[in-house]
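We have chain A already, so just place chain B on it with the hints.
Those protein sequence lines, which keep their order, are chains A and B. Residue numbering for the first sequence follows our numbering, starting at 4 and increasing by one per position. Residue numbering for the second sequence follows our numbering, starting at 8 and increasing by one per position.
Hints are supplied without guarantee of correctness; some may be wrong.
Said to hold, decoys possible - No more than 25 Å apart at the CA atoms, straight line, and that leaves these computed lysine-lysine pairs for DSS-like:
1) B:K413 / B:K171
2) B:K171 / A:K283
3) A:K283 / B:K336
4) B:K261 / B:K217
5) B:K206 / A:K283
If you are wondering where the hints come from, they were derived from the structure by calculation, not from laboratory data.
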Amino acid sequence: MNTHLTDNLHRNITCPFCGLCCDDLTIRVDGKQSLIVDNGCALCQAGFGEPLPPLAAITCQPQIRGHTCSLDKALARATDLLRDSRYPLFGGLATDVSGARATLHLADRIGAVLDHMNSDAMLRNTLVVQDSGWMTTTLTEVRNRIDLLVVFGNGITEHTPRFYERFFYNAESIFGQDTQQRELVLIGVHNDNDVLPKNNPVTRLTCIPEQLGDVAMALRALANGQLLQADSVAGIQQGELRDLVKRLRSARYSVITWNSAELNFPHAELTVQAICELVKNLNTDTRCSALPLGGSNGDDTFAQVSTWQTGFATRFRLATGKSHFDPVLFDGERLLSEQETDLLLWISAFDIGRTPPASSAPSIVLGRAGMQCDTPPQVFIPVATPGIDHSGNIYRCDTSVVLPLQSIRDTNLLSVSDVLQAITDRL
Amino acid sequence: MLIKLSGGTVYDPANGVNGEVRNIYIRDNRIVGTPAADENIDTEYDVRGKVIMAGAIDLHTHIGGGKVNIARTLLPEFYRNEPGNSRARPSSGCSYATPSTFLAGYRYAEMGYTSAFEPAVLPINARQAHMEMADTPILDTGGYAILGNDDFLLRLLSNGADQKLINDYVAWTLHATQCIGIKVVNPGGINAFKFNQRKLDLDEKTPYYKVTPRDIISRLNRALYELGVPHPLHVHASNLGIPGNFQTTLDTMKAADGLPLHLTHIQFHSYGTEGDYKFSSAAAEIATAINANHNISVDIGQIMFGQTVTISSDTMRQHANHKYAHPNKWICTDIECDAGCGVVPFRYRDKNFVNAMQWAIGLEIFLMVDDPWRVFLTTDHPNGAPFTSYPHLIRLLMDRSFREEKLLQIHPEAAAYSRLSGLTREYSLYEIAIMTRAGPARILGLNDRGHLAAGGYADIAVYDLDNNYEHMFRRPAYVFKNGELVVRHGKICNVVRGSTHVVHPEFDPGIEKSLGNYFDRYHSVRMENFKISDDEMANNIGSTVMVTDCVSRGVA
Chain A
4 MNTHLTDNLH RNITCPFCGL CCDDLTIRVD GKQSLIVDNG CALCQAGFGE PLPPLAAITC
64 QPQIRGHTCS LDKALARATD LLRDSRYPLF GGLATDVSGA RATLHLADRI GAVLDHMNSD
124 AMLRNTLVVQ DSGWMTTTLT EVRNRIDLLV VFGNGITEHT PRFYERFFYN AESIFGQDTQ
184 QRELVLIGVH NDNDVLPKNN PVTRLTCIPE QLGDVAMALR ALANGQLLQA DSVAGIQQGE
244 LRDLVKRLRS ARYSVITWNS AELNFPHAEL TVQAICELVK NLNTDTRCSA LPLGGSNGDD
304 TFAQVSTWQT GFATRFRLAT GKSHFDPVLF DGERLLSEQE TDLLLWISAF DIGRTPPASS
364 APSIVLGRAG MQCDTPPQVF IPVATPGIDH SGNIYRCDTS VVLPLQSIRD TNLLSVSDVL
424 QAITDRL
Chain B
8 MLIKLSGGTV YDPANGVNGE VRNIYIRDNR IVGTPAADEN IDTEYDVRGK VIMAGAIDLH
68 THIGGGKVNI ARTLLPEFYR NEPGNSRARP SSGCSYATPS TFLAGYRYAE MGYTSAFEPA
128 VLPINARQAH MEMADTPILD TGGYAILGND DFLLRLLSNG ADQKLINDYV AWTLHATQCI
188 GIKVVNPGGI NAFKFNQRKL DLDEKTPYYK VTPRDIISRL NRALYELGVP HPLHVHASNL
248 GIPGNFQTTL DTMKAADGLP LHLTHIQFHS YGTEGDYKFS SAAAEIATAI NANHNISVDI
308 GQIMFGQTVT ISSDTMRQHA NHKYAHPNKW ICTDIECDAG CGVVPFRYRD KNFVNAMQWA
368 IGLEIFLMVD DPWRVFLTTD HPNGAPFTSY PHLIRLLMDR SFREEKLLQI HPEAAAYSRL
428 SGLTREYSLY EIAIMTRAGP ARILGLNDRG HLAAGGYADI AVYDLDNNYE HMFRRPAYVF
488 KNGELVVRHG KICNVVRGST HVVHPEFDPG IEKSLGNYFD RYHSVRMENF KISDDEMANN
548 IGSTVMVTDC VSRGVA
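Only chain A is shown next, with the shape it has when bound in the complex (with noise of 0.2 Å):
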């Protein structure tokens, strides 16, 4: 029995468009489109509404280097080019749960090197867990506790639209908090696309993002009570530093965030680390969390289930007895350029535009149906999106939460998990 269903409107869904899974979206579905009644913001309106090509369409068919077959022919073909593969990749890696299951028994079986599409940005969040660990917290704690939020960046609603409706001013506290008083402080450059609060105290620091790791080191060293002898740091005035320093020691519940998919400049693990030994720091005293938002793309869901079965998120190597990570090695772009690997495979089943990149190894393609590559590859196998089509599971940004999905439209299209399933049992 489906509780989410009523009335021809599917309730209480959950949106895996980004990392936030809101999931209390009220949608109806007309014909081929998915139409969001409630609450969806623009991504969730993009990834829900984009509509379904007519299953005779080439992009929702079956293809060998462009031309339309038969499952079965697409199936066996596929089977042949990973058998006969001595280095394959597998990338994309966007997913749900069951799909990222079916990704790594594959992987395992003819032992391929797992790149997520989002790994340059995942591991600037994971290359400071592994080195010095972190202090956060989850949406629920922040969404009733906070009463200073400080942003490293300038993207939270380009990324994460509903984050200051639903865990910044929200209505009701458990607490009782009057949730306009919450201050907010930014610490980057102006963008006129970030939607700030209406009515909550905020202030800004305006420098660059590649200044943003000395940022958040003066202000650590500030903390900890130590003298700078700079006036400035990346242009914001000694003053301002201590000031919000000041405040964060003062704050009973603050909470320190940033997207790592904005920081795209070389060492960007860095500046996350400072910022992470900051909110460490300051923990001596009071009470301060990290919170590294964003997500897409399946990115953490990929990450826990991978994590949980092989040791590692993303950037590894099955094969021989062991699992492998070197974010270096096994960068897939690299492998891709270097022409070290023979063949990849790419599993895209959120976003349709997420289409692999250019390359010289022969491909096989599990992408959103609908979608069009730039070059028709090797296989293009059409697959159903996680939460319109099938049901599943996938994770929040901030890890702990993982979010049922349903399957709210009828169609014939096959999960990721039955193709690769079906791969496997073939080899």
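Relative to chain A, chain B alone:
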């Protein structure tokens, strides 16, 4: 399929069988009585001279859930440094302290274990716990849902909710999280830490809610009793790890008000403050209290020397201990107005006085508690040591001269302070069978497991008798899971799927009104999405549910 195990020496304490030579018959997935003379035996195993016990049951081991995965993420070097296992499928996933889920299942089965229970399931994270346990081959699994630091319960208690309401909430939680028991971790303390409080004693009021840990324990335990849930409240007491905490532990036992109560990893809660190091063993006081109070059961949480990682929901204590992290990195997280988690890698050293005392204290308690039905063998994996150390631990309990040998290797003052050399007791095979099979099955209400009588499920371990008990328990001759042979000569030969054990006590669905209200106003997920159905368990999560009956008890 009819299987015969011929001539083995059977230890089945649930049925009073102590080392008798008997045949065991398995039909499909159950143990059956002697078949008719004309029935055809499909396979016969000659197990003369071998020891037969039911498959072992670990009632407290951190094998599934977000916390465990956080530890895996923190410590990639554990995977790099340890040998691969090419026989395992998938072939990857090494590490003793934080094995992959596949390796955890194989390694447990390879020691003769057929069931294991994750003791710290955060309700919001129950899906993950069950998914990890579903990806743990061979073993039956189950979880204890954590309550007692969640803001919903503390509000109820603070507002003077009656016991019936607490009962309904507890029962609702067991259903929603598909768990078999309830755990409380540092009652009120994890919540207090979110308010920046760093210590909380048993009779101290928590910030904001003004309830005491004693209240929390008493009310939750009473709920479980009245609901008829077989397993009593599983308590990680206040003040874990603090010298002098034995008094808190003794007082916590009294919070049971005479009802059954289980105190977990009691070793960490048995410290005094005597001597030059202001750290001493209070194992005698604790054991005396356990012996005198028949409503109390414990599992030890034995430490072993070496590198491991501590994984705990007790953020208050884990944060306090982060300065001891080895390697020097750690994680602490506040979680969803449910609880929290702290992961601190740790190295126990035999030449460190405190660590050596901890080792001795665990063993002292084992050896001083009279009733093997109320003490269970655990290392609180991985907090005390990886579960792969169980055979070594069994040898320490059964072989006094081995114990004495190990005593010589630890910090000499710890050896001198400890009572261990004066304790001559050696556990018998019968007592080991109670502590690792019959006892855990009974206290969890698993009536069809942990024994070898007809009607029980055929979870069976066969060991070659060996004077070196560590060898004996490390390498079973045969292990059967639900009647299928899964291990031969200590190695996996076949992989099967286990189930998830749960309880579904009755409750008034009216509780969903106040819960729904709470979720709507304060939570970040919808109540409908919080709950896990049986269907979800079987399909998207991947483990079918087996319901354990509640018992009829009435009001306490």
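Right, here's what the structure says about each hint:
no.: 1; hint: B:K413 / B:K171; result: 52 Å, violated
no.: 2; hint: B:K171 / A:K283; result: 42 Å, violated
no.: 3; hint: A:K283 / B:K336; result: 11 Å, holds
no.: 4; hint: B:K261 / B:K217; result: 20 Å, holds
no.: 5; hint: B:K206 / A:K283; result: 19 Å, holds
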